[in-house]
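Enquirer: The residues making up each chain are set out below.
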Amino acid sequence: MNPENEAEQPATRAERRRQEAEHAHEIEEAVVAALETEPVPSEAVSAPVGGAPVAAAAATATATKTAAPAEATPGEEEPASNRVLREIMNGPVVLSFLAVLIAFIIGGIMIALTNDEVQETAGYFFAQPGDFFGAVWTAVSGAYGSLFQGAVYNFGKDDFATGIRPLTDTLTYATPLIAAGLGVGLAFRVGLFNIGGRGQMLVAAAAAGWVGFSFPMPMWIHLPVAILAGLAAGAIWGGIVGFLKARTGAHEVILTIMLNYIAFYLISFMLRTPGLLQAPGSVNPKSPAILESAVLPLILGPNYKLHLGFIIVAVATAGVWWLLNRSSTGFRFRAVGTNPNAALVAGVNVKNTYVWAMALAGGLVGLAGVMQILGTTPDGMTSGIDAGIGFDAITVALLGRSRPWGIFAAGILFGAFKAGGFAMQASEGVSVDIVGVVQSLIVLFIAAPPLIRAIFFIPAPDGKLTRRPLRRNSKAVSA
Amino acid sequence: MKLELRGITKRFGNFTANDRINLVVEPGQIHCLLGENGAGKSTLMNVLYGLYQADGGEILLDDEVQEFAGPGDAMRAGIGMVHQHFMLVPVFTVAENVILGHEQAGFAGVLKMKEARQRVRDISARFGFDVDPDARVGDLPVGVQQRVEIIKALSQDARVLVFDEPTAVLTPQETDELMAIMQQLRAEGRSIVFITHKLREVREVADAITVIRLGKIVGEAEPTASNADLAALMVGRSVDLTVHKEPAQPGAEVLRVEGLTVLDENGLKVVNDVSFNLREGEILAIAGVQGNGQTELTEALLGLQNKVSGSITLNGAEILGRSVRTILDAGVGFVPEDRNRDGLIAEFSIAENLMLDRSTGEPFVKAGNVQRAFRDEFATEKRTEFDIRSGGINSLASELSGGNQQKVVLARELSRDLKLFVAAQPTRGIDVGSIEFVHKRMVATRDAGVPVIVVSTELDEVVALADRIAVMYRGEIVGIVPSNTPREVLGLMMAGERHTEAPEAAHEVTA
Chain A
1 MNPENEAEQP ATRAERRRQE AEHAHEIEEA VVAALETEPV PSEAVSAPVG
51 GAPVAAAAAT ATATKTAAPA EATPGEEEPA SNRVLREIMN GPVVLSFLAV
101 LIAFIIGGIM IALTNDEVQE TAGYFFAQPG DFFGAVWTAV SGAYGSLFQG
151 AVYNFGKDDF ATGIRPLTDT LTYATPLIAA GLGVGLAFRV GLFNIGGRGQ
201 MLVAAAAAGW VGFSFPMPMW IHLPVAILAG LAAGAIWGGI VGFLKARTGA
251 HEVILTIMLN YIAFYLISFM LRTPGLLQAP GSVNPKSPAI LESAVLPLIL
301 GPNYKLHLGF IIVAVATAGV WWLLNRSSTG FRFRAVGTNP NAALVAGVNV
351 KNTYVWAMAL AGGLVGLAGV MQILGTTPDG MTSGIDAGIG FDAITVALLG
401 RSRPWGIFAA GILFGAFKAG GFAMQASEGV SVDIVGVVQS LIVLFIAAPP
451 LIRAIFFIPA PDGKLTRRPL RRNSKAVSA
Chain B
1 MKLELRGITK RFGNFTANDR INLVVEPGQI HCLLGENGAG KSTLMNVLYG
51 LYQADGGEIL LDDEVQEFAG PGDAMRAGIG MVHQHFMLVP VFTVAENVIL
101 GHEQAGFAGV LKMKEARQRV RDISARFGFD VDPDARVGDL PVGVQQRVEI
151 IKALSQDARV LVFDEPTAVL TPQETDELMA IMQQLRAEGR SIVFITHKLR
201 EVREVADAIT VIRLGKIVGE AEPTASNADL AALMVGRSVD LTVHKEPAQP
251 GAEVLRVEGL TVLDENGLKV VNDVSFNLRE GEILAIAGVQ GNGQTELTEA
301 LLGLQNKVSG SITLNGAEIL GRSVRTILDA GVGFVPEDRN RDGLIAEFSI
351 AENLMLDRST GEPFVKAGNV QRAFRDEFAT EKRTEFDIRS GGINSLASEL
401 SGGNQQKVVL ARELSRDLKL FVAAQPTRGI DVGSIEFVHK RMVATRDAGV
451 PVIVVSTELD EVVALADRIA VMYRGEIVGI VPSNTPREVL GLMMAGERHT
501 EAPEAAHEVT A
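Chains as they are written, first to last, in the UniProt record's numbering: chain A, 1 to 479; chain B, 1 to 511.
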């Protein structure tokens with residue numbers, strides 16, 4: 001943590017945490033509301049994930065075909081070039097990219113509409129339309145320009161070392177998002193909807209923090225122990241969900257939401273109670289600062305906020321990739337995630353798989369909590385330390401289509417939004433909420449591929465623009 | 001009403017599912033549409049029903065060209081469809097299902113249920129159906145559900161009725177009853193399109209037969225044509241419909257089931273005190289009407305049922321109560337009844353599906369890593385050996401036809417070192433060519449000394465494959481009889497009559 005930066009905008013920081021906490025709460029309420037109306041929300045939400053292809057190598061060749069009607073097996077006489085083109089156009093990567101593009105366009109329209117100068121020039125649009133378009137251009141390009149400069153490279157600085165700082169900020173913000181996104185995405189692949197990111201992050205941060213500020217040790221042992229403590233706490237918190245689901249059949253969405261509340265109030269209580277997590281001599285619900293020996297070291301020197309956590313998360317991404325795509329455990333995970341019945345018949349212990357998958361997912365989300373306490377805010381923990389990341393992680397996992405490197409890229413994109421959003425607000429006066437709108441639009445479009453296809457006139461994979469075969473979608477009476 | 005299809009062409013991408021199909025169905029005629037799975041029959045009917053829009057050609061009713069934007073238009077024009085997978089809402093009553101989509105409401109939007117019930121009763125009376133308008137559809141047997149579909153179509157006064165593989169889910173008795181209903185409808189002057197791939201049914205009711213292969217009409221046949229001729233037309237080559245096998249050479253006893261009882265979730269006995277044994281090199285067929293405990297019996301053998309009592313010993317070792325993993329490792333091969341639900345993972349490639357139940361150790365997994373080179377090599381080999389027709393080993397299971405999907409399941413199970421092979425409904429919903437293949441492999445498995453249990457509701461299949469036949473009724477085995485037992489006797493046993501004359505049967509039951 002760069003002390004200079006910390007001093008720079010303390011007010012904004014606090015404001016952001018408050019906003020994020022609110023944001024988190026809204027999502028929770030929305031999900032609870034959805035639960036009441038929709039009997040099986042997880043299927044609805046995870047459908048785009050489940051429908052996406054499994055083998056990363058065959059990514060483009062797959063999703064397109066699953067939608068084809070039962071009687072239509074793809075013909076072999078089809079020209080290869082056409083097929084490849086169509087598959088690429090309908091491949092998840094291109095659709096994700098187009099979703100981002102269209103979200104930015106709509107975001108741009110909103111920036112223009114809310115800009116004072118644009119509104120003013122619109123008043124005499126027919127007299128001088130040039131003014132209007134000029135104002136639109138200034139507003140949108142200024143906003144996105146500052147977003148870019150705040151997230152990637154600041155051209156205002158003289159030397160490369162300072163100019164590149166925004167990019168390192170982006171990666172710093174991305175670190176916990178990727179970790180938590182991996183946790184949510186892994187659960188998705190096993191057919192579980194993990195919205196317990198908040199709780200898992202909180203317990204992990206508390207455990208890592210407690211080890212971090214209570215036990216002075218040499219760094220080479222203190223840091224690993226603190227990280228492992230956090231991982232273990234997150235894994236247990238996630239594992240409880242898997243265990244209860246396996247044993248009682250309770251739905252993981254309800255379990256994770258409730259465990260979020262339990263974690264939040266439990267940690268809040270501990271932070272207010274002297275002798276537990278509260279800093280000695282303090283009246284604030286805040287823990288002591290993490291000892292220097294347990295803080296994640298800055299990897300680019302004191303001028304950059306980027307810490308070792310980013311490397312750890314990159315390794316974790318590679319690990320999850322290996323797990324899902326190369327290991328036999330991952331093979332069974334994916335089998336359970338796509339067809340638990342067939343997995344059961346194939347001798348997979350589906351219940352145990354749920355427990356292990358949720359424990360792993362909880363551990364990964366816990367890693368995000370660890371990054372927060374040992375990397376982002378080592379000066380002490382509050383009950384808002386999760387900063388809404390547990391919920392943003394759902395978005396990141398969806399955008400990354402639950403594929404480890406997809407999540408990695410999506411996490412960096414969202415990290416860039418975080419880093420650049422405030423720069424945009426500071427320099428252009430465009431509300432940071434616009435960034436939130438763009439983020440949400442991206443996922444909205446990703447969840448609705450037909451919308452993207454309609455906008456960009458891409459034919460659907462089965463050659464029809466709108467109608468999907470009804471027989472596949474309707475639930476028939478089973479014998 | 002005369003139905004005429006002229007030059008119907010339907011493409012999915014570059015795949016032509018229907019290629020210039022011409023078809024004329026006269027009033028009072030049952031026109032059979034015969035073809036393998038994936039031949040394009042259902043696509044054609046979905047075009048007719050307005051679910052798909054044709055890329056070319058036209059639909060004529062009584063010589064008038066029709067434009068169907070959706071099923072609603074088709075229904076209004078007088079086309080009714082009885083789907084293979086019923087389009088009914090299970091929690092609705094019969095009457096509610098029948099009016100669904102054509103609800104007539106009175107004051108304040110209150111549904112006119114009284115009229116709806118009366119309508120169901122009227123139609124039921126006309127055809128001699130015994131359908132209670134207030135019964136919940138989900139509680140009805142499959143055969144009755146199908147009648148609800150027929151009533152639904154007739155309540156819209158459908159003059160053209162399409163039956164899409166209606167017998168796939170029916171028992172032999174229900175099938176016969178359906179045939180009678182179709183003949184009755186024909187007598188009323190309705191035009192009937194009957195889609196099937198079961199040759200016996202075709203010959204029983206058809207007035208005209210059109211055979212489709214690979215999206216094209218390949219020929220018309222008279223109902224008097226022989227099974228072999230029809231089958232040859234369907235698959236494009238001559239097909240061996242009889243199963244050639246030598247008499248069984250039973251060896252040592254491998255499987256012994258004693259007093260096996262399985263309870264369902266509600267604590268009801270779905271398998272009741274079943275005992276039988278099985279020796280090396282023989283095929284035991286379990287016959288019976290669907291839903292008499294066969295499914296639960298096979299699942300109990302694989303350890304998939306929870307509430308079981310009694311004893312199942314495989315080569316002297318008790319396997320009852322063991323995990324599925326242990327039982328698979330003990331050498332039990334299993335082809336589940338519903339391959340899409342239990343046998344395959346649609347989103348997985350053929351190669352991945354072929355290693356589905358072998359993901360715990362060598363040769364497919366070493367040190368926690370899937371051995372992808374070995375997996376692909378294995379898949380390539382099995383794809384050739386089992387004639388799995390696909391784009392390659394990386395094709396998804398969902399892209400395969402039913403027959404090829406079943407070959408994947410068979411390839412996976414038969415390539416393990418088996419001590420017992422259990423196949424539930426191994427040929428359900430697959431084409432003639434694949435059935436022949438599946439039967440051959442099962443006999444080959446038997447001849448290799450592996451005992452085989454095959455569960456089937458098709459009497460033809462039971463008789464063709466079995467060395468001994470066990471008939472199940474309401475969870476019990478009513479008798480185990482030799483394969484040369486007359487069909488009438490088997491039919492009576494399937495209806496619950498105990499077969500006491502055969503001393504062998506009595507011996508087997510008490511064994």
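None of these hints come from the bench; they were simulated from the model. All values derive from a computational prediction rather than experimental measurement. Built from N, CA and C at the ideal position, the CB exists for glycine as well. Each hint should be verified, as a subset may be incorrect.
Stated by the list, open to error - The following residues of chain B were derived to be distant from chain A, with all beta-carbon distances above 10 Å:
1. Asp62
2. Ala108
3. Ser124
4. Arg325
5. Ile327
6. Arg341
7. Ile345
8. Asn369
9. Asn484
Unchecked claim - What follows is a set of in silico ranges between Cβ atoms, one per label pair, in the way DEER data are often shown:
10. A:Leu451 with B:Lys216: 54 to 64 Å
11. B:Phe374 with A:Ser440: 56 to 66 Å
12. B:Leu100 with A:Ile106: 53 to 63 Å
13. A:Gly319 with B:Arg389: 31 to 41 Å
14. B:Phe374 with A:Phe97: 30 to 40 Å
15. B:Leu60 with A:Leu451: 33 to 43 Å
16. B:Lys216 with A:Pro450: 55 to 65 Å
17. B:Phe374 with A:Pro450: 52 to 62 Å
18. A:Gly319 with B:Gly259: 23 to 33 Å
19. B:Lys216 with A:Trp137: 52 to 62 Å
20. A:Phe97 with B:Gly56: 55 to 65 Å
21. A:Asp116 with B:Ala69: 43 to 53 Å
What the hints assert, rightly or not - Calculated pairs, BS3-like style, for lysine-lysine (alpha carbon to alpha carbon, straight line, at most 27 Å):
22. B:Lys440 with B:Lys419
23. B:Lys245 with A:Lys351
24. B:Lys198 with B:Lys440
25. B:Lys307 with B:Lys440
26. A:Lys245 with A:Lys157
27. B:Lys245 with B:Lys366
28. B:Lys245 with B:Lys216
29. B:Lys216 with B:Lys269
30. B:Lys307 with A:Lys351
31. B:Lys198 with B:Lys269
32. A:Lys351 with B:Lys216
33. B:Lys307 with A:Lys245
Enquirer: Next step is simple, just say for each hint if it's right about the structure.
Expert: Now for the hints, and whether the structure bears them out:
no.: 1; hint: Asp62; result: holds (27 Å)
no.: 2; hint: Ala108; result: holds (25 Å)
no.: 3; hint: Ser124; result: holds (19 Å)
no.: 4; hint: Arg325; result: violated (4 Å)
no.: 5; hint: Ile327; result: violated (8 Å)
no.: 6; hint: Arg341; result: violated (5 Å)
no.: 7; hint: Ile345; result: violated (4 Å)
no.: 8; hint: Asn369; result: violated (6 Å)
no.: 9; hint: Asn484; result: holds (31 Å)
no.: 10; hint: A:Leu451 with B:Lys216: 54 to 64 Å; result: violated (37 Å)
no.: 11; hint: B:Phe374 with A:Ser440: 56 to 66 Å; result: violated (45 Å)
no.: 12; hint: B:Leu100 with A:Ile106: 53 to 63 Å; result: violated (39 Å)
no.: 13; hint: A:Gly319 with B:Arg389: 31 to 41 Å; result: holds (38 Å)
no.: 14; hint: B:Phe374 with A:Phe97: 30 to 40 Å; result: holds (36 Å)
no.: 15; hint: B:Leu60 with A:Leu451: 33 to 43 Å; result: holds (37 Å)
no.: 16; hint: B:Lys216 with A:Pro450: 55 to 65 Å; result: violated (32 Å)
no.: 17; hint: B:Phe374 with A:Pro450: 52 to 62 Å; result: violated (40 Å)
no.: 18; hint: A:Gly319 with B:Gly259: 23 to 33 Å; result: violated (50 Å)
no.: 19; hint: B:Lys216 with A:Trp137: 52 to 62 Å; result: holds (58 Å)
no.: 20; hint: A:Phe97 with B:Gly56: 55 to 65 Å; result: violated (36 Å)
no.: 21; hint: A:Asp116 with B:Ala69: 43 to 53 Å; result: holds (49 Å)
no.: 22; hint: B:Lys440 with B:Lys419; result: holds (19 Å)
no.: 23; hint: B:Lys245 with A:Lys351; result: violated (43 Å)
no.: 24; hint: B:Lys198 with B:Lys440; result: holds (19 Å)
no.: 25; hint: B:Lys307 with B:Lys440; result: violated (35 Å)
no.: 26; hint: A:Lys245 with A:Lys157; result: violated (54 Å)
no.: 27; hint: B:Lys245 with B:Lys366; result: violated (40 Å)
no.: 28; hint: B:Lys245 with B:Lys216; result: violated (35 Å)
no.: 29; hint: B:Lys216 with B:Lys269; result: violated (49 Å)
no.: 30; hint: B:Lys307 with A:Lys351; result: holds (17 Å)
no.: 31; hint: B:Lys198 with B:Lys269; result: violated (33 Å)
no.: 32; hint: A:Lys351 with B:Lys216; result: violated (48 Å)
no.: 33; hint: B:Lys307 with A:Lys245; result: holds (20 Å)
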